[in-house]
Amino acid sequence: MQEYFDYVQKGMRILHPLLAGFVGNEMHRQYKNKWWDMVLYTLNDHEYELPSGGEYNDLVDSLDIANCVRLVQRQWKDLFRYSLDREAQTLANELMGIRNIVAHIGQQDIEQLDAERYLDTMARLCEKIDEDGAQEIRELYNALRFSEDDSDDDSSLSGPMPLEETLVDEVDMREGAVEDLMTLIRTNKIYKTKITKKITFAGKTELYPVYRVRIDALYYNDQNDRISTWISSYRAEHGASALSTLGSDEYNDVIENFIFESNPESIRRTQKNIALVGQQQPGVILADGRIVDGNRRVTCLRRIQRDSGETQFFETVIMNVDMNRDRKQIKLLELAIQHGEEKKVDYDLIDYAVGTYRDVVVTGLLTAEEYAAGANESVSDVKKRIETAALISKFLDYVKLPGQYHVARDLQVYSMFIELLPMLSKCSAEDKQRLMQLAFNNVLLKACPDQRKFIRDIKKLVNDEGAADFLAEQDTIGKHISENFSSLTPENKADLDKFASDNAELADDMNASIERSLLRMRTKNLVNKPSENVAKCKNLLSDIDPRLFGKLDEDEKRDLVAELEDLSRMAEGFRKMLTESE
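First residue of the sequence shown: 980, per my numbering; consecutive thereafter.
Since the hints were derived computationally from the structure, they do not count as laboratory data.
Just to be clear, a hint being listed does not mean it is correct.
[Said to hold, decoys possible] The following label-pair restraints were derived from C-beta to C-beta distances:
hint, residue 1, residue 2, range
1, Lys-1503, Lys-1373, 32 to 40 Å
2, Pro-1243, Gln-988, 39 to 47 Å
3, Ala-1514, Arg-1537, 24 to 32 Å
4, Tyr-1035, Gly-1085, 32 to 40 Å
5, Lys-1173, Val-1081, 16 to 24 Å
6, Ser-1521, Val-1341, 20 to 28 Å
7, Glu-1034, Asn-1252, 36 to 44 Å
8, Pro-1243, Asp-1111, 56 to 64 Å
9, Lys-1173, Gln-1308, 21 to 29 Å
10, Gln-1259, Val-1340, 18 to 26 Å
[Claimed, not checked] For lysine-lysine, the following DSS-like pairs were computed, each having C-alpha atoms within a straight-line distance of at most 25 Å:
hint, residue 1, residue 2
11, Lys-1515, Lys-1373
12, Lys-1425, Lys-1373
13, Lys-1503, Lys-1425
A virtual CB, placed ideally from N, CA and C, is assigned to each residue, including glycine.
Model the full assembly from the supplied sequences, consistent with the hints where possible.
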């Protein structure tokens, strides 16, 4: 039985006449009465498949899918790039691959996910040339994706049956009122699809069924690393337990805004794509509705539902596990999905560091080794990120805003602090504290807005012989900063900004000290340069092995003597200049 193959064939039958008509029309528009001659010339290696001439409609009908794609590929530069975009060119190339698979599949069927992907490619290409045809293919796609197997005795495989609306609308899902969403299968909340997703949980890999879950049965994961700094911002403003007091709708609205604001352009792109072609990758949720994987996709679906007024469903695996009992395994699953099985998620670096720091250091949920294995990273990378987060935490303590990681995000300190770590590792305990204070003061006062330049300059100065004098100067300035800051009780970043504005003179002093120290270092280097170069010449000459002279021929000896005489003259000239200047 070739059930999925038949869907793909139907899609081909819809697309073929539309694509052939479009290609024929474009060729005729460009080459007029010579259009078929140009077709035969372009397809000279397949000319035997085509008639030598005939009526326009008959000639168009003779173009199969493969030759249509070949014409688009070979006439792209001269013709089709003016009527199609680059995406259409890519889709046409994909279509050729699909055609080859379909043509040589024999009696086997196509995998469902492959069939869905093939129909999606056809629909997206057809949208470029005929929207009505694209809609027909999209209906095929939906019929395949959401079809149900009536022969299966499992009642959960039946389509949604309108039953009484219960539980989800009237209660807070986060309070555990619905312990198992599976109890709502076959209502118009949830029903099972024929799609499956491979999941590795607690060391065991299995195929899990995918369900369509109405989005009002879901709630966001407040442990999502992507929004860790946004959570800290909300708690700083509203109280540590503020999120837990919200009802489901308000809670989801707050978290949705965090996710959107963390990367608005990315959310808009994903939302547009989902609205156009539907959700492509199933997510993962827990049986109580908590989203483990798919927070961004759910955000897009919620926004689509508000814009369109149409009820949206999230396609997802439902994991029947307990968040409290299986928290470690759930975290490892989240890491594997977001950093292993799929491309790495585009985290803000501070959010990622804070999330790692929380899971390894604060809660002890995972070891660094376990985190690295789960995220498909090296242990050294994880430990470096944790050290950076620890330094960020110390900075927030220094500016009297402990735990307000959103402040560090807004100040964009991650790159500077991660570059600071190697320097700190080489310092004594005392100098390490002095160097941290210097870096923290620079951020606090915004003394050097270009943090990369600041780090470059500090690296040079702490490795110079005059480092002690430089650090002593900065210690003096730091005491004044500490005295002024001691009377301040900041509540947010705005208070830090005002302090920086009120103490601009101290920021100028910091910069002036850095510039003076750099100037002293450069001057000293210039003075020492001639001696260093002469010493290098002596070392190079001392490396010469005189025993090799006997192996030189006469010409080589004369050349070497001439070079040595030039060197002697140069040395004598420098010596005279030095003695005369005394």
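- Message: Assuming the hint says 32 to 40 Å, is it satisfied by the Cβ distance from Tyr-1035 to Gly-1085 or not?
- Response: Once the Cβ atoms are compared, 36 Å apart, the range 32 to 40 Å for Gly-1085 and Tyr-1035 holds.
- Task: Look at the Cβ atoms of Glu-1034 and Asn-1252 and judge whether their distance stays inside 36 to 44 Å.
- Result: Once the Cβ atoms are compared, 42 Å apart, the range 36 to 44 Å for Asn-1252 and Glu-1034 holds.
- Query: Cβ-Cβ distance between Lys-1173 and Gln-1308: within 21 to 29 Å?
  - Reply: holds, 27 Å
- Query: Is 56 to 64 Å a correct range for the gap between the Cβ atoms of Pro-1243 and Asp-1111?
  - Reply: Roughly 33 Å apart at Cβ, these two residues miss the hinted range, so it is violated.
- Message: If I claimed the Cβ atoms of Lys-1173 and Val-1081 lie 16 to 24 Å apart, would that claim hold in this structure?
- Response: holds, 21 Å
- Message: Checking one constraint from the list: CA of Lys-1515 to CA of Lys-1373, max 25 Å. Satisfied?
- Response: Violated, because 45 Å separates the two Cα atoms, which is more than 25 Å.
- Query: Regarding the pair Lys-1503 and Lys-1425, is the alpha-carbon distance no greater than 25 Å?
  - Reply: violated, 29 Å
- Ser-1521 paired with Val-1341, Cβ distance criterion 20 to 28 Å: violated, 59 Å
- Pair hint outcome, Lys-1425 versus Lys-1373 [Cα-Cα no greater than 25 Å]: holds, 18 Å
- Query: Per the hint of 24 to 32 Å, is the separation of the Cβ atoms of Ala-1514 and Arg-1537 within bounds?
  - Reply: holds, 29 Å
- Message: Holds or violated: the 32 to 40 Å window for the beta-carbon distance between Lys-1503 and Lys-1373?
- Response: Hint holds: Cβ distance 34 Å, inside 32 to 40 Å.
- Given a hinted range of 39 to 47 Å, is it respected by the beta-carbon distance of Pro-1243 and Gln-988? 42 Å Cβ-Cβ, so the 39 to 47 Å window holds.
Going through the hint list in order, the structure does not satisfy hints 6, 8, 10, 11, 13.
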